[in-house]
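Given the coordinates of chain A, work out where chain B should sit on it, guided by the hints.
Protein chains in written order, with my numbering: chain A, 1 to 152; chain B, 1 to 144.
Read the hints as simulated data drawn from the structure, not as lab findings.
Computed list of lysine-lysine pairs in PhoX-like fashion (alpha-carbon distance at most 25 Å, straight line): (1) A:85 - A:121; (2) A:85 - B:81; (3) A:59 - A:11; (4) A:91 - B:81; (5) B:77 - A:85; (6) B:136 - A:121; (7) B:77 - A:91; (8) B:136 - A:133.
Simulated DEER-style distance windows between Cβ atoms: (9) B:71 - A:123: 39 to 47 Å; (10) B:49 - A:20: 46 to 54 Å; (11) A:102 - B:103: 27 to 35 Å; (12) B:122 - A:87: 32 to 40 Å.
Glycine residues also receive a C-beta, built at the ideal position from the N, C-alpha and C atoms.
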Amino acid sequence: MIEANPKKAVKILLVEDNEGDIRLAQEVLAESRLVSQLDVVRDGVEALAYLRRQGRYAKASRPDIILMDLNLPRMDGRELLTALKNEDGLKRIPVIVLTTSQAEQDVLRTYELHANCFISKPVDLEQFMVVIKAIEDFWFTIVSLPTSRGAG
Amino acid sequence: MSNQPGILIVEDDFSDADLIYSAIRDQKIRDQIHTVNSGEDALNFLRRAGPYRDAPRVNLVLLDLNLPEMDGFAVLKEIRKDPDLTRLPVIVLSGSERDEDKLASYDLQANCIIRKPADGGQFIRAVQMIETFWFKIVRLPPVP
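Extracted from the complex, chain A is given alone in its bound form (with noise of 0.2 Å):
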């Protein structure tokens, strides 16, 4: 931990169809002691519902972070990306982009559209955990999400 006063605990959003990558992230995150939330939609359309807490989502909980995917079905992850940082009081929510994709294209897509960071995924479970740790270590404790209060 960087600062002496611990941090409220993080609510997650994650945009992911994979079934192995969502219980992987399920399992590493679960053990976190900084995560308190982790809700899972699997496709652009319903990451905007939730966000906007339209029909079944009316209860949803604003996230702290959103981590998502790019290939995602119905509306892709940059449809989804487009339509939340052009939108007031989503777009300040910081958005992990977390994708198999390697193409440069991709990066760049991204970064234009204003997702806060790009990561590749790993294929391999190990390296995979890593990122999401090194997720933890960096958005949990040392960034000032939107969210957090006072000297948080």
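Same frame as chain A, but now just chain B:
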């Protein structure tokens, strides 16, 4: 996962700029650090304007909010408006404790906000965590 580095530090406090520089552990990254001490110079550097005609390209900006005349918010706004710079990741390093400043930075699409720890040792550790995350885990846009 490795990135070709190029960092611009925008910081008017020389001791903070020096601390950031010396906290970076990887010599290859350290060799690619450039520092300017005003918002105007930052934009000139990034646009290779005026005295910065030969400035190297960078793919990460560490931006202080509290700068003389043109402040960090104005710099961020200009970067995001400029089609040649809009995708450039900007990490805001701020001494401000105000929630409004943090929210305004996120609304202007800063990539992340980090409060400068008052303690020197913690500041160094924060910079090293930036180094690890942004150069070992993240894929930055290539240096153009």
